[in-house]
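Peer 1: Sequence:
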Amino acid sequence: MKEKKVVYYKDELNDEFSTAQITPRVIDREYKYFRGRIWDFCSLVVQNILTMPVKVLYLKCKFHLKYVGKEKLAECKNTGYFIYGNHTQPFADTFIPSVANYPKRNFFIVHPNNVSMPGLHNFVELCGALPIPCDLGGMKNFVRAVEEKIRKKYSVTIYPEAHIWPYYTHIRPFAAVSFQYPVKLNCPVFCMTNTYHHRGKSGNRVNIITYIDGPFYPDEGLKPKARQQELRDRVYRQMTERSGESDWEAVIYRRAE
769 MKEKKVVYYK DELNDEFSTA QITPRVIDRE YKYFRGRIWD FCSLVVQNIL TMPVKVLYLK
829 CKFHLKYVGK EKLAECKNTG YFIYGNHTQP FADTFIPSVA NYPKRNFFIV HPNNVSMPGL
889 HNFVELCGAL PIPCDLGGMK NFVRAVEEKI RKKYSVTIYP EAHIWPYYTH IRPFAAVSFQ
949 YPVKLNCPVF CMTNTYHHRG KSGNRVNIIT YIDGPFYPDE GLKPKARQQE LRDRVYRQMT
1009 ERSGESDWEA VIYRRAE
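Going by my numbering, the sequence shown wraps up at 1025, each residue one higher than the last.
Keep in mind that the hints were calculated from the coordinates and are not lab data.
Capping the alpha-carbon separation at 16 Å, the derived lysine to aspartate or glutamate pairs in EDC-like fashion look like this:
1. Lys-823 to Asp-861
2. Lys-838 to Asp-981
3. Lys-828 to Asp-861
4. Lys-840 to Asp-981
5. Lys-772 to Asp-1015
6. Lys-952 to Glu-998
7. Lys-917 to Asp-808
8. Lys-921 to Asp-808
9. Lys-834 to Asp-861
10. Lys-800 to Glu-916
11. Lys-872 to Glu-916
12. Lys-834 to Glu-1013
13. Lys-830 to Asp-861
14. Lys-834 to Asp-981
15. Lys-872 to Asp-808
16. Lys-872 to Glu-843
17. Lys-772 to Glu-1017
18. Lys-773 to Glu-1017
19. Lys-845 to Asp-981
20. Lys-920 to Asp-808
21. Lys-952 to Glu-916
22. Lys-952 to Glu-915
23. Lys-778 to Glu-1025
24. Lys-872 to Glu-839
25. Lys-952 to Asp-987
26. Lys-800 to Asp-903
Computed Cβ-Cβ distance ranges for the label pairs, DEER-style:
27. Arg-973 to Val-774: 17 to 23 Å
28. Ile-1020 to Tyr-870: 33 to 39 Å
29. Lys-838 to Asn-881: 25 to 31 Å
30. Ala-1024 to Lys-908: 38 to 44 Å
31. Ala-1024 to Met-820: 36 to 42 Å
32. Phe-809 to Thr-847: 21 to 27 Å
33. Met-885 to Glu-1025: 32 to 38 Å
34. Tyr-985 to Phe-785: 29 to 35 Å
35. Gly-1012 to Glu-798: 41 to 47 Å
The model shown is predicted, which means the values in this text are computed figures rather than measured ones. Note that beta-carbon positions come from the ideal geometry of N, C-alpha and C, so glycine has one too.
Using the sequences and the hints, build the whole thing.
Peer 2: Structure (structure tokens):
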């Protein structure tokens, strides 16, 4: 059996273990979140037609991925909603919600790094990336773009842990800030928790089972800030409970002394 990789971390909130080294572009008020009908049609074709077979085959062949609770998404098929997930894969994390949601279109709130790759940024944007801006002018346009996706009955995926920890089997602490969007729009939330399981005689191949839970709704009996925190806590508890289904660590994470 191949020896497992051991990764040492110091800060669960800020340590990043993605191997990609990218200089992020500046996302400010000049960034175009709205590009017209032709762009939107091309984005639809890329998201739901051209790349969908690749997404399905990748998840099936590499991870033998299985969904548990996928039928819950049908409860909100006629409305927009947010999806929160644990951030443990560079590619699969962008495929898993989109395949589960199909044919509903899915968009992602992402770090500027994701739209900063030379020659690829337009393709990533066509695939549904919504980069977080760095100034107030850009933030206004960004929030409008997120609200438009929900108004059009699409889904928007958020990875509140922010940083990729490949194959991590627990849920890292995350802030409540990203829950301001469903609170403001008073719309449902789902969470998708990827759990890891070994397969094969050597035990070195990994399966993913993705648990889908929800819908969760903001508690309108609370003030906005408390509503945001309470929604975050419910989602965090559910994801933590589901993460306990993992029975295999492909990578071992240890706190550095």
